[in-house]
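**Q** Protein chains in written order, with the working numbering: chain A, -14 to 248; chain B, 185 to 448.
Hint data in this document are derived by calculation from the structure and do not stem from the laboratory. As the structure is a prediction and not an experimental result, all values here were calculated from the model. We put the beta carbon where it would ideally sit given N, CA and C, even for glycine. Mixed in with the good hints there might be a few duds.
Ranges of calculated distance between the beta carbons of each label pair, as one might list FRET restraints [said to hold, decoys possible]:
#, chain 1, residue 1, chain 2, residue 2, range
1, B, ARG234, A, LEU72, 47 to 55 Å
2, A, LEU8, B, ASP362, 53 to 61 Å
3, B, ASP420, A, LEU89, 23 to 31 Å
4, B, HIS396, A, GLU82, 41 to 49 Å
5, B, ASP362, A, GLY150, 16 to 24 Å
6, B, GLY198, A, GLY18, 26 to 34 Å
7, A, PRO149, B, ASP292, 40 to 48 Å
8, A, PRO(-12), B, GLY198, 23 to 31 Å
Counterexamples of contact, computed for chain A against chain B with all Cβ distances above 10 Å [said to hold, decoys possible]:
#, residue
9, MET5
10, LEU79
11, GLU142
12, LEU155
13, ARG163
14, VAL165
15, GLN213
16, VAL224
17, LEU228
18, ALA229
19, ILE231
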Amino acid sequence: MSPTLPPRLQRPSTGAVLAMIVLGALAVHGLVGTGIDPSRLLLAPERTFRFLSSAFPPNLERAPNLASAMLETIEIAVLGTLFGVILSLPAALLAAENTAPSRLVARLMRAALTTMRSIPDLVWALIFVVSVGLGPLAGILTMTIDVLAFAGRFFAERIEEIEPGPIEALRSTGAARRPVIFGAVVPTAFPSFLGTSMYAFEKSVRGAVVLGLVGAGGIGVELNVAFQLRRFDTAGTIVLLILATILVIERLSSRVRSRLIEG
Amino acid sequence: MITVEQLEKRYPDGTLAVAGVDLHIQQGESVVLLGANGSGKSTLLRCMTRLIEPTAGRVLIGGSEVGTLDEEGLRALRRRVGVVFQHINLVDHISVLSNVVQGNLGEDGRARQWFGWSATNEVRERAMDCLERVRVAEFAGRRADQLSGGQRQRVALARLLMQRPEIVLADEPVAALDPRAGREVMDLLWRIVDEDGLTLVCTLHQLDLARHYGRRIVGLRDGRVMLDGQNAAIDDATIAALYQHDDQHDDQHDDVVAAGEVGA
Ligand SMILES: Nc1ncnc2c1ncn2[C@@H]1O[C@H](COP(=O)(O)OP(=O)(O)OP(=O)(O)O)[C@@H](O)[C@H]1O
Ligand SMILES: [Mg+2]
């Protein structure tokens, strides 16, 4: 059989066609069926301008409160990252195929991490507000779960990439499981763990900002109140404060991460 | 000391890497296991201490049947058998001293003995002695990935010494090294084995090295033992056959390769 020239275009698969139809239907239904009033968009520039103009000049009346709320947000992120990273290590060792005690354990651990990741932050925050009450503790627990789900998966992937050679070398000396894992696996994956942890910290500062919207502590509480009382000058100040904080933290963190990669 | 009976390893993908090997090795004997690339040398050595599980056959080491050992027993056996690897297999991100200290993990796996900086004085000092014996003590504080290939394989030898094995299984210890560094490592390995009265199985694919270091040579081809005898009693033609494919078409090409390796 002589090779035939492939056609320029291929017929899309039935699955792709179906997917397009479903997405199209959802888009149309969303625009028509949910009663979106296009005239609102016409009003939007004016209203936004009103918000922006009343946001300036910034209102520094509540500066001390804002500062301490921002500090609380950062602390929530720091503690959440710390606990999350600490829990990620055993979680990753259980989730990675090459270090898990059995396939089944690896599957289950992976499923647990996926579940944690699939439930959005704010939903976790609502759950923790119910279980431990309003305030930063709920926020810390939320960020712990968030970091655990994220870092646990990345750590596990890194562990699975480790070359088997050094592990085999330690096994060949008659070493037991634990010394092999801590002697060969952990040191090899460690630089990548640190980088991932820094990234998780950046992510959790951003995440912790909005936790206050559902009462889980930090600057989000102030933001929520400011919008609800229509104190747009305070709200604007908070938005600027958030922006500045996140920029500074991302700067610092990316500098640390690039150090880690070089070293 | 070591008896291998009808050992077979078939990988899950169907490759029969070791196809019924019989081998008997006396205490204190050094055996060179010679074979071309892919002849099953690494697989055979790994099967001997069940770093991978053989699919059939038996291995007896020092009187105990390896296949029937439980986890504890297997670890006790592995402590007595030091392994040197084709790919050296140091832990790159930690110090040279830590790598050597880890040779002791089979004997003492407590947390403080995991690394050089935390290990007990006795272990640290013994590790230094091992490094001195293979003449790389000056690098003790360096990270393992900052050494040359030859230095790294010496560190691996120090790790082996740390383990105080009775048997050494060396899998192409110099395949990753240039000829000069390779000779140095081979000399060191043979000296250690002689001085400490160890039993050695060393796989090689270079004919000249096998001729130079081997007393007894076992030839492996396609997972089978094709020849087994004293070095001096084996003629060149017999040994060259190890490198020939069954396929007529490939013969010429293989002769060239084999000849090239003699000269290397
Ligand atoms: N994990 C594996 N899965 C499947 N086949 C394998 C595996 N490892 C090795 N093999 C195959 O088994 C055969 C023997 O391989 P082995 O590595 O034991 O040979 P070797 O003599 O050590 O070769 P080399 O000199 O290249 O190191 C080869 O055909 C190889 O492709
Ligand atoms: Mg090999």
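**Q** Taking the hints in turn, state whether each one holds.
**A** Status of each hint after checking the structure:
Between ARG234(B) and LEU72(A) the beta carbons are some 34 Å apart, a value that contradicts the proposed interval 47 to 55 Å. About 60 Å separates the C-beta atoms of LEU8(A) and ASP362(B), a value consistent with the hinted range of 53 to 61 Å. About 55 Å separates the C-beta atoms of ASP420(B) and LEU89(A), a value inconsistent with the hinted range of 23 to 31 Å. Between HIS396(B) and GLU82(A), the C-beta spacing of about 43 Å keeps the proposed range 41 to 49 Å intact.
Range check, ASP362(B) to GLY150(A): Cβ separation about 20 Å, and the 16 to 24 Å hint holds. The given range of 26 to 34 Å is broken by GLY198(B) and GLY18(A), whose C-beta atoms sit roughly 57 Å from each other. Checking the proposed 40 to 48 Å range against PRO149(A) and ASP292(B) shows it is violated: the Cβ atoms sit about 24 Å from each other. Distance hint check for PRO(-12)(A) and GLY198(B): the Cβ-Cβ separation is about 30 Å, which falls inside the suggested range of 23 to 31 Å.
Distance check for MET5(A) against chain B: the nearest CB is about 40 Å away, which clears 10 Å, and the non-interface claim stands. Distance check for LEU79(A) against chain B: the nearest CB is about 19 Å away, which clears 10 Å, and the non-interface claim stands. Residue placement check: GLU142(A) keeps its beta carbon more than 10 Å from all beta carbons of chain B (closest about 18 Å). Remark: the non-interface label on LEU155(A) conflicts with the geometry, its nearest Cβ contact in chain B lying 6 Å away (cut-off 10 Å).
Listed as outside the interface, ARG163(A) is inconsistent with that label: its C-beta sits roughly 7 Å from the nearest C-beta of chain B, within the 10 Å cut-off. Not every C-beta of chain B lies more than 10 Å from that of VAL165(A), the closest at about 8 Å, which undercuts listing it as non-interface. The claim that GLN213(A) is not at the interface with chain B holds, since no C-beta of that chain comes within 10 Å of its own (minimum 52 Å). With a minimum CB-CB distance of about 43 Å to chain B, VAL224(A) clears the 10 Å threshold, and the non-interface call stands.
Look at LEU228(A): its CB is around 38 Å from the nearest CB on chain B, clear of 10 Å, so calling it non-interface holds up. Once the 10 Å rule is applied to beta carbons, ALA229(A) is consistent with being away from chain B; the minimum gap is 37 Å. Listed as outside the interface, ILE231(A) is consistent with that label: its C-beta sits roughly 32 Å from the nearest C-beta of chain B, beyond the 10 Å cut-off.
In summary, the numbered hints that this structure violates are 1, 3, 6, 7, 12, 13, 14.
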